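In the numbering used here, the protein residues as written are 1365 to 2094.
Since the hints were made in silico from the structure, they are not lab data. Don't take every hint at face value.
Keeping only pairs whose Cα atoms sit at most 25 Å apart, straight-line, the calculated SDA-like set for lysine to any residue is [what the hints assert, rightly or not]:
| id | residue 1 | residue 2 |
| --- | --- | --- |
| 1 | Lys1557 | Asp1514 |
| 2 | Lys1925 | Ser1843 |
| 3 | Lys1939 | Phe1858 |
Label pairs and their computed distance ranges (CB to CB) [stated by the list, open to error]:
| id | residue 1 | residue 2 | range |
| --- | --- | --- | --- |
| 4 | Pro1414 | Asn1447 | 16 to 24 Å |
| 5 | Gly1406 | Lys1697 | 23 to 31 Å |
| 6 | Lys1705 | Asp1555 | 47 to 55 Å |
| 7 | Lys1820 | Leu1575 | 45 to 53 Å |
| 8 | Asp1498 | Lys1705 | 34 to 42 Å |
| 9 | Leu1531 | Glu1973 | 47 to 55 Å |
| 10 | Thr1458 | Ala1767 | 42 to 50 Å |
Please read all numbers here as calculations on a predicted model, not as lab measurements. Just so you know, even glycine gets a beta-carbon here, dropped at the ideal spot from N, CA and C.
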Amino acid sequence: MKKYIVFTATLLVAFFFSVNAQPPQGVKWTKEGNGYFVAEAGEIVQYALPLLTKSVVVTKAQLTPKASNAPLSIRNFFFSGDNKKLLIYTNSKTVWRYDTRGDYWLLDLSDNSLKQIGKSRPASTLMFAKFSPDGKKVAYVSDYNLYVEDLSSGKANALTTGGNRKLINGTFDWAYEEEFFCRDGFRWSPDSKKIAYWQIKVGEVKTYLMLNNTDSLYPFTVPVEYPVAGEAPSAFRIGVVDIGTAKTNWMGITTDPVLQSYAPRMEWAANSAELIVQRLNRKQNESDLLLCDAVTGKSNTVYHERDDAWIDILPLWSTSYQYGGWDWLNGGKEFVWPSEKDGWRHLYRVSRDGKQETLITKGKYDVMEICALDEKSGYVYFYASPDNATQKYLYRAKLDGTADAERLSPLNQNGTHNYSVSPTGTFAQHAFSNYYTQPSREWVALPSHDALDGHKVYNAVSKADSTKSNVSFFKVTTSEGVQMDGWMAKPTNFDPNKKYPVVFFVYTEPWGQNAVDRYGTASNRLYNGNMANDGYIYITMDNRGTPVPKGREWRKSIYRKIGLVNIRDQALATKEVMKWSFVDTSRIAVWGWSGGGSATLGLMFQYPEIYKTGIAIAAVGNQLNYDNIYQERYMGLPQENREDFVKGSPITYAKNLKGHLLYIHGTGDDNVHFNSAEQLINVLIAEGKQFQLMTYPNRTHSISEGKGTSQHLSQLYTDYLRMYCPPGGR
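Construct the entire structure; sequences and hints are all you get.
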C-alpha cells in the first residue's frame, strides 16, 4: 500500500543515484574510495578522483559473446573481491515490482574469456548471483532453489532441492519482499565454504486468486500467497549449507507456534562460525538479536528491545541496507545499532554480547539514514535535519560518541541533499535541490565539501530565485495544537482578493512524507495541464504518524489509530487553511494513491462537510484486507483489537458520503487487491451513494501497464477534477 505514494517530481531524489535499481546499483566505489566504476556507452569505465580521470576498464568487444555481433546490455555489474573477474547482469525480468531475475555472464579479465553463468537453467531465471569472497565460485537462486557454480570447471551444483512457490529457498514470498524489502535471501561465509540462507514455507498461507480477464478467451486465476491482517505469516527457517556436501544445518531459532514470528535480517557475524539474526515477534514491537552457531545451530539472544508501538527495522528507513549489511566495529567485537528508546532515532555502539553500549549520536534530532561508516577515521556519516523536518543534510559523528555531530552540507544550501559517500569518507557524489533550485550535482571532497568539478551546486544556488517560484512552505497549527508542515503551490498571477479552489494531495500513513523541500515537490503528474495556470491552489500537509524527522512520539502516535489520528489531523489542518481569505471553501478537493487513496476515502466519509470532491486510487477500503506485516505493525493484531481495524477503515464511514467521489482501481493489483474495491462498492450501493468508478483491467498497483493507460488515467483525473472542482479565481 506504500510503494506508489508520490506521483510528483519528488521522484527526482534518485535522479543520479539510481537507488531503486534492482539488484542494488548506484555508485560503485573502488576499494580505496578514490574512484568509481560506471557503465557508460556500452562499456565499463573508471573515474579516478579528484581529477575525474577516465579510463576504460571493459570494452564493448570484451562484452560481446562469441556467437553474437552485439555486446551484452548491462543492467548491472559486480566485481570479484580481487577485481579480476566481473559478473554482468542482463536480460532482466520483473519479480512483482523490481527486475531481480535475469541472466548473468562472467568476464575473466585475465584472459578476456566471457561465458554465461547458469547456462543450463531457463533464461532469465537467475537471481542475486554473487562471487564467493575468494572469487572462485558464484552462487545464485533459480526457480526457488540455491545453486553454486565452480568457475574453473563450470560445474554447477544444487545446494537445495524441492523448491517451489510454496517452499522458497534463498529468496522470499510476496509479504517479506513488500514489507521488509527482503529479496536477496542468501549470504556467503567469509571463508567461502558455506552459505547461509532463508527458507520460507508458504504452505499454510492462504492463496489469493487474482482473475485475469484479458490475456486469453477464457479467464484464468493468478495465485498469490498473501496473508491478510489476522492471518499467520509464512514460517521461516535459516540454514547454513556446506558448499562441498550440500548439507544444511538449521539454526535453532524459536518462534511462537501459533502467531509465528519474523526474521527480517541475517548476516554472518564478522566470522565464518556464527550468524547474527534479528527476530521480531508477530506484533513487531519486540526485537531480539541472536548469535547462532553455524555448526550446532544453537542460538543465544544478545540484545533485546521493546517498543510500546512498533520497531522499524533498519532497511525500512535506510535504503542502503535493503540488500543486506551489518556494521561491525573493532574486529567484530562491536556493532552499530539504531534505536528510538530515548525518543529520537539514534545510533549506538553495542558490544558483541550486548552488555555494553555507547550512544554515538546525541541530541533532539533523528538519524534519517546512514550514509557511510569509516572506522579507520572514526566517523559515521548520516542524514539529519534538526531544525526543519522538510529538509535533509549530511552530518558526521565520532564513532566513540565523544563529540556532537557536525553538519557537512553547506550552510548556504537550505533544502534536500543526497550523497554517496566513499568507503573512506574522502569523497562523495553530492546532489542538491530545493523547491526553487533545480537539481544539481557535483563531486566533493569531505569533510571540507569543496567541489571537484566546477562548483556546479554553488553556481546553481547563486542563480536560483525563490521569488520566481509559486511554491511556498508553511506551518499550520490545528485546534488541538498539532503543528504540521506543508507546501502550497499558488495559481499563476495569483490575486489575493479572489477566492480559489484548493486541491489537497494526501498520503498520511507511516510510509509517506509529502512535504519535502526539493525541486518539483508540488507538481502533479496526473494532472493533464498546468494546475497553477488553470487557477488551482495545490497543497499537501504531513500529519502525525508520517515518517518525518520529528521524533518517535510524532511518528508512533498513530499506533492502532490509522484512519483516525491521521484523518483528524488532516481535516483540522484543512479547517485552518479554509480560514485563509483567498480560499473558496465550496471548492475543496482531495486525492491520493494507495494509502493516500485510503486517506481520501476517510476524509470524504468522515468530514463530508469539508471535502466536496475526492479522487481515490488503489485504496484500502477495509484494513482487514491488507497484508499482515504492514497492517499489524501499525495496528496490532485483529485477534486482540479488531475494533481498531474497523474504526480505522473507510468502509465503516461510507454511508456518510455527500460529495463527488471518483474511485479508481486496477483489477490486477497484487498489492491492494480488487476485492477491497468491490467490498467498498457494495456498501456504497447499499447506502444509496452515487459515485463514479473506473477499473483498469489487469493493471497492477501502479496502473501503468498497457498502451495508453497512463494517458487515459491522467485525462480521467483531470476531467473529473475540472468538472466537480472547477478551477480559477472568483
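Checked hints:
no.: 1; hint: Lys1557 - Asp1514; in the structure: holds, 12 Å
no.: 2; hint: Lys1925 - Ser1843; in the structure: holds, 19 Å
no.: 3; hint: Lys1939 - Phe1858; in the structure: holds, 21 Å
no.: 4; hint: Pro1414 - Asn1447: 16 to 24 Å; in the structure: holds, 21 Å
no.: 5; hint: Gly1406 - Lys1697: 23 to 31 Å; in the structure: violated, 46 Å
no.: 6; hint: Lys1705 - Asp1555: 47 to 55 Å; in the structure: violated, 36 Å
no.: 7; hint: Lys1820 - Leu1575: 45 to 53 Å; in the structure: holds, 52 Å
no.: 8; hint: Asp1498 - Lys1705: 34 to 42 Å; in the structure: holds, 40 Å
no.: 9; hint: Leu1531 - Glu1973: 47 to 55 Å; in the structure: holds, 53 Å
no.: 10; hint: Thr1458 - Ala1767: 42 to 50 Å; in the structure: holds, 46 Å
Violated hints, listed in ascending order, are 5, 6; each of the other numbered hints is respected by the structure.
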